[in-house]
Every structure is written in structure tokens, then in C-alpha cells.
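A.B. asks: Spelled out from the first residue to the last, the chains are:
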Amino acid sequence: MAVARAESPGLSRFVLPIAGLIGLGLCVGGLLVLLDPDGGANLLASIYEALGNISGATDLRNGSGDQVIAKILLAAIALAVGVGGIWLLFLGVGGLVSLLQPKWRDRILPWVFAGPALVLLAVFLVYPAAGTIYRSFTDNHGQFTLANFAVMVEPEFTQILRNNAIWLIVGTGGSVLLGLIFAGLFDRVRREALAKTLVFLPLAISLVGASVIWGFVYAWQPAGQPQIGLLNAIVVGLGGEPIPWLTTSPINVFCEIVIMIWLQTGFAMVVFSAAIKGVSGEIIEAARLDGASERQLFLRVIVPMIRGSIITVATTIAIVTLKIFDIVYVTTGGRFNDDVVANRMFHEIFQFFDDGRGAALATLLFIAVLPVMYINLRNFKRQQAEG
Amino acid sequence: MAQRLRTTSALAVVVMLLVGACGSSTTPSPSVSAAPTAAPTAAASASAEPSVAPSAPPAAAVPAVPTGYTELDQALGADKPFSGKTVSIQTQWIGGEGINFAASVADFAAATGIKVQIDSIGSSHETVLKTRIEGGKPPDLAMLAQPTPVLAYAAAGKVFDVAKFMDAKKLSDEHPATIGLVTQGANIWGIPYKADVKSTVWYPMKAFEAKGYKVPTTWDELIALSDKIVADGSNPWCVSAGGPGDATGWQLTDWVEEVVLKTKGLDYYNDWISHKVTFEDQGIKDAFNLVGKILFTPNYVFGGNTAIVASDMKTVMDPMFTDDLANPKCWMQKIPTWYGPDFFPDQRVSGQPSKYVLGTDVGIFPFPTIDPAQKNVEGSADTLMVLVDRPEVRAVAQFLATPEGIQNWIRAGSAISANSTTPADWYAGAYKLQVAADIANSAAGIGFDASDLMPGKVGAGTFWTESDKWALAGGTNTDAVLKAIDDSWPAQ
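Going line by line, the protein sequences match chains A and B.
The numbering of the first sequence is our numbering, which starts it at 1 and goes up by one.
The numbering of the second sequence is our numbering, which starts it at 1001 and goes up by one.
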């Protein structure tokens, strides 16, 4: 901008507003296409007509033809409108603000850039969160009640809370511990990249996909039938009776946690591995010279030095385990004493039509996540201070 | 809740659905049979062949004008006023059921030019539907298997009263058994579409003959047969609670409901639904114990009580097909009429029509009578909700209220219309539908699926989970389970 202004101040005065208006017009046009349910197909049909492909255009308007291309076109428009619109907004408002006096400009400009993010945060995070907390204090008729929280002390719900606690401790602990062990061991093997890739691979699988896969591992057939489940095939092969892993409480909770550990260990390992590589060789050498054994070296030197990474990974996984839903929903639906807060919240809202109870569970989950978030933020601040 | 007409006692409802009325009574004016659409009678004769897939091109499944419904008549008019308009409908039907429903509306879409967009959601149907409705962008129409959420959506003002644009008397007369479930005063919140009979037991016919087993007609005969099969070294029953995963438990509630209907009668059954009779009542406890007699007697259920909760409803009957049904490892499964060859192991895997023929290889018998004075059967129905009110949406809803709205599904041998004016001969030649008709015909009354009418917290919640726990414990915790269900009943 500055360059253009320097060269021809007269021209740029017109070019910029005109370009802005054209951009705005394109954005509005794009929005109109996006709002129309058949917008993509109609637009593509118009393009086809312009190119002379009349039959292709007719097919599209009738709901057949290249619908995939129409959808790709729609996605491209959405992307352009989204990115371009925000860019125009920043440019326009930024331009307006820069016309102000420097004193005011410096005060307002940060809000201009942070503004859209803050608005989005308020609309999509703060407003729903406040609404959820409000709902948790109402019954099905919208009247104020504390009953939604009062029931949480009943065995039905204490069991759910207990399961979540098991998830938190075993799931987080298991992932961190295994991740640490793998990171420490793989640091010394020759094919480190291959080994790490193999452990990291499950992270690419969705929770639902992993639950389906492990559903086959835990599958149960009556004794005497061919066991299609890996675990029970082993058990029967060793002469045992098949065990219904997923319906037997309390082992089903742990069987489900194993799925989570399988997924999250890779994440923990990669972060730890990077942190270990960051530990200075001089320190390790110094420890060796002082006569530290390899175990002492790992536990007394390396682990304390990567403490920040451990806290980050632990809190991240802790939040995932607190919110756990997919694995329980897919494997058992939480119907065998293995229910968790998020799954119960889903059932309260979508099957029992009890929005207040569901909101209370969501609020509870929110409160449970808060301390973990706090630890994470404090750790982040300290790392920044140290760095 | 109180004025809800849950069952039509002493009125053999599905009798009317299946065998009662005659087709000509639905076409008020025979003079217009020259209209381009086929009259129901013509369609019926085309579908009378016993084949599952009609060989000759059948007449289009579209009702004759006038249909008795304003918008439907307009839609079927020569100028096709709604041509090009789109109507969306969300259903839970996928796979074979999804194909059959799509076929049911295909002829209508072709005749009217209305684009019917079917959103087949499957097992997360209720979740997606609630999100769409509360998000303010509902589908135009939606199917629901349970009346309870229909009434909940109605109470929240999300559903249109179909009595506003459809003849309420005609609707009620044509759906005598089911319309009461979604009627509140003068408001009718939905249109019953597809009915099912739940009191059915599936069994390997030829193997029964080879062993000399007779189809039991009383509880004592059922137990005697079960004992005989055990003595012959096999397991009589395959039972799945319904799972795996989220829906586990509904099959067990069906068992209990069946026995309550057959021991205590309809009035008691309805009081149970409204919780005037509690789960801890002796009659319900007796029903649990009778069901437990089958589920928990050693060697009765293939795989024992662990198999009940660990088995998948889709595969639980596979052991019956051992050695091509010649050597069944289990002999009987209680499951509703919507079950069918698409669940048999060969068709389930290959997608090709099963080599096992219904009526010769695999048979269906009515669940035996327990108390001769209580010859009731259990049924269920899917309801259509109107969520957006536009003329073309009305036309589709009205079409689905006519027998022709499900005719192509009936032709596939797999559905029963909830409309009692459906011509009886449409069902001719389809073994499953005839069995369903016979069961309904001999019934004193029809009870609607109780768990579908109880509050969701119980009917899709504790009644399921506690029944699962009951099965897992081999029936040793009946008292605790019944108390837990009663305790969970919502106040108000």
C-alpha cells in the first residue's frame, strides 16, 4: 500500500475502494450461492451453459449430473468467501482506524485484530457454556431446580464418576508411563524412526475406528464355537474358557481404557522423544562421568529435565480421558456398569429428553477439567518464563 | 398422558390391518379409474404372485384420485403442480429396509414430479433428528419408532397437527389401533405408517419335522419342547438382548412385555405403562420369573446367560444355520416380524437373496399362549411426523397415510401397513405377512410395545440396562432390578 501511495497517490485513492467494493460484491455473491441449497449445482449449470454444454447444465438443474464437481465448487467458494471476507474486513476496518489520531489508533487497533476471534469465542464458546450452566439449574418445564445436581450423589451417578476417575488415573498414567518408556528405549535403538512410527501409527485412527477394531479383539463367542476375538482365541487356545471382556464389570472399564492407551501412547512418546533429544549432551556426559547408572541417568537426570513436557502431555491426555465418550459409546454403550459422564450426558439429552440433567453433567465435566487447564496454563507460563 | 389411547382392547387391530377391510372401500369414486394412476385393486392383482421380487412390471403404487386428501389430489393432478419441488424425509431405515422404503415412494415421486429426498440415518437417527429439530432446520418429514418422543416434540411445538390438513375422522377410521398413540384431544401429531407384530418365534422348519418336534401352542408345550431339545443334546433358544453396543436391552423388554400381555391382560398392561402398576408389583415380578425360566434354565439358551448380553441381534441366530439348518445348535428365536432373510447368515454376508426360504426352511410361529384367557399379542408401529408445513410436504404425508404409501414394501414381502384399509390380497403369497395376519387374527387384543411408551429414562434407559444386569446375573437379582427401575421413574 505504502509503495503504491508513494508512486501515484491520486490513483490509489480510487483503486483501493473500488477493489474493496468488488471484493465485497464477490463475497455477497458467494454467500448467496452458499445460502441456496442448490446453489452449487445452479452455479455450475450456469458455467456449463456459458461454455455451451447445455445438456450437462440441464442434468445439473434436475439434480443429476456432476454433483461432485458442484460440491467441490461450493467448497472452493466457501473457502474464498471465508478467507477473503475476513481479509477484507481486516483491511477495511484497519484502514478506517488508521485514519484516526495516533493516540486513539494505538488503543483501538489491537481490538480490531483480536475482535473477530473474540466475537467467535463469545458466540461459540462463552454463550453456549453460560446457556449450559443455566440449563443445568432448570427442570423440563424451565423452572429453577437443584435436583439435577442433587442426584449426583446417588449410586447410579457415583458409579459414573468413579469410572471417570479410573479413566483419568489409569488412562493418563498408562499413556504417560508407556510413552516415557518407549521414548527412553527407542532413543537407543538403531531403527528409531521405524519403531517410533509403529507406536505412533494408532494415533492416526479415530476413537470410533479404534473401538471397532478392539471390539473384534474382545469379541466373545460361547464356548465350543470358533472364537473370532483375538483375546478369547488365545484364552481358549491355552485351554481356558472364553471371557466376555466387555460385559464383565469391572474389567470392561479397563479393557476400554486399553484402547485409549493404545491410541495416546504414540502422542506421549513423540513429545517425550523430542524433549529427550533436547537434553544437552554435556549434562548427560557429566552425569556419566559422575558415575550415574543408565537407570539413574534416566530417572534422576532426563525425567526431571523434561518435566515440562510430561506435564503438558499428562494434562492433554487427562482432558481427553475426562471427556471420553466415543470408546464407551461404541463398545458397550455404557450399559454394563462402565458408563462415563459424557456418554451419560448424551443419553440424558438424546434418549431421555432430560436436557437439565444432561446440562448438569456437562457442567460437572467442565468443572472437572478446570484444574487440569489451570495446571497446564501455569506450566505453560513457567516454560515461557524459563525460555 | 392419561387420555392417551394406548391400545384398542378387545379389538383385533392388526386383524383389521391385515385381513379385515376390502380394497374397494378405499376408492370412493370408481368413476375416475380411468386416471393415469393405477387403482389399488389392479395393483393388488399384480402383487398376488407369491414371488418376492415381482416378475412382471407391477402397476405403479399410487392411490387413485380422489384420495380424500386435498394436496394429494392436487399433486396427482394432470398438471403436476408440485413438480420439481423437494421434500426431505429422515428415516432410521438403512440396508434392506432403506431400499424398501425408497421403493415405496419411488412411484409417487415419478407420478407427481416431487423430489423425495430420503435421509437414511440408521442407528443415530434419533440423535440427528433432535439436533436438526432443535437447530431450527428440521427435515420436512421424519419417521419415529416410538410415540413418546413424538409427543415430546409436539409438546415443544415442533410438530404440525396433521388434523389441520387431513380429515381426522378418515385418519382415525383407517388407523384404529395406532392413531390413539399420537392423538391428544383434537390434535393428531403423526401418521402411523408401518406396523409390526412382535409375538413371533422363528424356527428351522425342516429340522423340526426331521426331529418330530411340534410347534408349541401353550407355555407348557414350549417348556416341554425346550426340555426335549436339551435332552437331545442341543440348546433350544438363541437370545440376544439386542446389542452390541448402545441399544442392548430392548429384546429383553420385549420378552417381559410379551409375558405380561399373556398373563395379566391389556388393562393391567396399560396401567403398567402409566406406572399405576409398578415394576415391583407381583404380576410384573411373575412375568420376569417366567421369562427367566427360559433365559436362565441351564442349557436352554445357546451360550448361556452371558451370550444373551454379549450376542449381536444380527448374528445371534447363526448357530441355527449349522449344516444348512440340518443340525441347528439353537432352535428358536423370539424376534418381531421385521426380522427376515436379510439377517440370515448367507444374505447378510453376500447381499444376495438368501437360499433359505421363509415358510419352508425357516418358519415363524406365534408365541404360545400362557393364560388361555389372555390371548393378547404385542405390536409396534412407526409414526410419520410433519415438521415443516408446505403444500408438497402435505401431499407426501398424505400419500404415506394411504395403503399405496407402503405398497412396494409390502410387495417385497416385508412390511405391514398401519392403514386398516389395505387390501388383504396385497399380503397374499408372503409367508411372513400371512403368519402375522394369523397371529393378529387369533388375538383378543394388541398391546403396543410398552417400553416405547414409557418415559425415555425408563423405556430406553433403566428398563434396558437393568434387564441387561438381570440377564448377566442369571436372574438372581430380580428384586433389586425391579426396585431400581421403579426408583428411576421420573417424578411429575
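The set of hints was computed from the structure by calculation and includes no laboratory data.
There could be a bad hint or two in this list.
What the hints assert, rightly or not - In silico contact screen, one side only, chain B against chain A (beta carbon under 10 Å); selected entries:
| # | residue |
| --- | --- |
| 1 | G1122 |
| 2 | E1126 |
| 3 | T1127 |
| 4 | G1303 |
| 5 | T1476 |
| 6 | T1478 |
| 7 | L1482 |
Unchecked claim - Estimated spans, in silico, between C-beta atoms of each pair:
| # | chain 1 | residue 1 | chain 2 | residue 2 | range |
| --- | --- | --- | --- | --- | --- |
| 8 | B | G1351 | A | W87 | 49 to 57 Å |
| 9 | A | A165 | B | R1348 | 35 to 43 Å |
| 10 | A | W87 | B | G1095 | 43 to 51 Å |
| 11 | B | K1285 | A | V235 | 49 to 57 Å |
| 12 | A | L194 | B | G1351 | 36 to 44 Å |
| 13 | A | Q159 | B | G1113 | 52 to 60 Å |
| 14 | B | V1349 | A | R307 | 29 to 37 Å |
| 15 | A | V235 | B | D1324 | 39 to 47 Å |
| 16 | B | P1298 | A | L201 | 56 to 64 Å |
Glycine included, every Cβ here is placed at the ideal spot set by N, Cα and C.
A.B. asks: None of the hints should be skipped; say for each whether it holds.
C.D. replies: A quick look at each hint next to the structure:
1. G1122: The hint is violated - B/G1122 has no Cβ within 10 Å of chain A, the shortest such distance being about 14 Å.
2. E1126: Constraint on B/E1126 satisfied, holds at 6 Å.
3. T1127: 5 Å, holds
4. G1303: The hint holds - B/G1303 has a Cβ within 10 Å of chain A, the shortest such distance being about 3 Å.
5. T1476: This interface hint is violated because 15 Å lies over the 10 Å limit.
6. T1478: It is violated, given that the least Cβ distance between B/T1478 and chain A is near 18 Å, above 10 Å.
7. L1482: 15 Å, violated
8. B/G1351 - A/W87: 49 to 57 Å: For A/W87 against B/G1351, whose Cβ atoms are near 50 Å apart, the range 49 to 57 Å holds.
9. A/A165 - B/R1348: 35 to 43 Å: 41 Å, holds
10. A/W87 - B/G1095: 43 to 51 Å: 47 Å, holds
11. B/K1285 - A/V235: 49 to 57 Å: 37 Å, violated
12. A/L194 - B/G1351: 36 to 44 Å: Since the Cβ atoms of A/L194 and B/G1351 sit about 40 Å apart, the hinted range of 36 to 44 Å holds.
13. A/Q159 - B/G1113: 52 to 60 Å: 56 Å, holds
14. B/V1349 - A/R307: 29 to 37 Å: This hint is violated: roughly 54 Å between Cβ atoms.
15. A/V235 - B/D1324: 39 to 47 Å: Violated: the Cβ-Cβ distance is about 30 Å, outside 39 to 47 Å.
16. B/P1298 - A/L201: 56 to 64 Å: Violated, since B/P1298 and A/L201 (Cβ atoms, about 46 Å apart) do not stay within the stated range.
Violated hints for the displayed structure, listed by number in ascending order: 1, 5, 6, 7, 11, 14, 15 and 16.
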